[in-house]
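Participant: Work out the full structure: start from the sequences and follow the hints.
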Amino acid sequence: MSINTELTDDLNHTSVKGYMMVFGALLVLTLLTVLMSKIHFGLLGNAVIAVLIAAAKASLVIYFFMHVRESPRIIGFIVLGSFAWLAILLLFTIADFHAMYGEGSTSLPHAMPW
Amino acid sequence: MSNTSSTSTEHKPYQQHHFDSMHQQTQSTLLGIWLFMAQEILFFGGLFTAYTVYRILYPTAWHLGAASQNLWLGTLNTVVLIGSSVTIVMAVHAARHNQRMQVMKWFALTLILGSVFFGVKAMEYGTKWDHHMVPGLRWDDGHALHTIREHAHSDTEITELPPGIQLYYSLYFVMTGMHALHMVIGFGLAIWIMIKNARGCFNAEYYPHVEYFGLYWHFVDIVWIFLFPLLYLV
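Protein chains in written order, with the numbering used here: chain A, 1 to 114; chain B, 1 to 234.
These are computed hints drawn from the structure, not numbers from a lab.
Here the structure is a predicted model, which means the values were calculated and not measured.
Warning: the hint list may mix true and false statements.
[What the hints assert, rightly or not] Derived DSS-like pairs (lysine-lysine); straight-line CA-CA distance at most 25 Å:
1) B:LYS105 x A:LYS17
2) B:LYS105 x B:LYS196
3) B:LYS121 x A:LYS38
4) B:LYS12 x B:LYS196
Facilitator: Spelled out as structure tokens, the structure:
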């Protein structure tokens with residue numbers, strides 16, 4: 001499981017150097033997400049790009065900072081399981097609402113006072 | 001895992017009586033805290049689902065709402081919170097190496113960065129209050145329209161508030177508020193753990209409070225990693 005000796009210590013824990021590299025990557029991705037929001041890919045396109053970059057950042061935090069890399073395998077299953085459940089909730093809701101009310105659909109919701 | 005030497009029958013003072021070994025205790029508590037994390041993911045998942053539904057229903061409100069946020073304060077807070085994730089992972093690293101003073105130092109830095117985040121957040125909330133953009137408490141269509149028009153980067157003049165704009169701000173306050181509440185709880189936990197650390201409750205073999213607080217704090221960081229682009233950028 002060890003990546004290489006520089007980035008892990010003798011107990012296969014991530015080293016300080018490894019943490020700093022993850023920190024650098026998180027800062028670069030933060031800059032990237034701000035820059036990408038300045039370019040127009042359409043309302044949906046920008047949202048998808050932003051969520052993908054956020055997911056990449058979250059994965060780095062979970063895998064390295066939250067020590068899933070060096071934890072028992074069942075912890076990884078719990079992480080994947082929770083996000084799989086969240087994906088079911090989100091994707092089916094999006095599919096449903098997008099089909100009914102998304103861009104280009106004719107059945108707009110009733111105008112609400114708020 | 002070759003590191004099973006902790007399964008020895010020797011009974012450590014910090015081993016709870018209902019666990020057979022330190023190894024079993026560590027594995028069980030780690031599993032428990034991760035199940036709590038799973039619950040937290042689904043708790044915030046509900047809020048993100050509400051966000052998504054109303055975003056589909058009111059795309060213009062969401063677009064103009066995000067444009068009305070202060071991008072630089074949001075970016076600053078993102079960097080600050082990522083920084084606090086690094087300081088807390090360094091605290092865990094120090095705990096693993098039995099460096100009690102270092103644990104103290106990194107926890108203190110984490111609390112300082114957390115305070116900076118709160119300061120910036122308070123400024124942002126204050127601006128919304130001044131602009132009459134707090135749904136349910138202090139909302140005024142005229143003021144809100146003026147602020148949104150000022151921030152919108154569109155060529156067409158905005159003459160009226162988009163439908164659903166108060167829903168955007170309601171969700172903004174609920175989601176960032178829930179996130180901030182988690183941070184307040186984190187502050188309390190951090191101080192409690194610093195006291196335990198000062199009393200010498202932890203060593204290189206036993207530091208679950210430090211490790212699990214780290215997991216909690218990283219989770220709060222992850223929530224913000226998603227909140228920032230969804231509320232400020234798109």
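Participant: Now, for every hint given, state plainly whether the structure supports it.
Facilitator: Here's how the hints hold up against the structure:
| no. | hint | verdict |
| --- | --- | --- |
| 1 | B:LYS105 x A:LYS17 | holds (19 Å) |
| 2 | B:LYS105 x B:LYS196 | holds (14 Å) |
| 3 | B:LYS121 x A:LYS38 | holds (23 Å) |
| 4 | B:LYS12 x B:LYS196 | holds (18 Å) |
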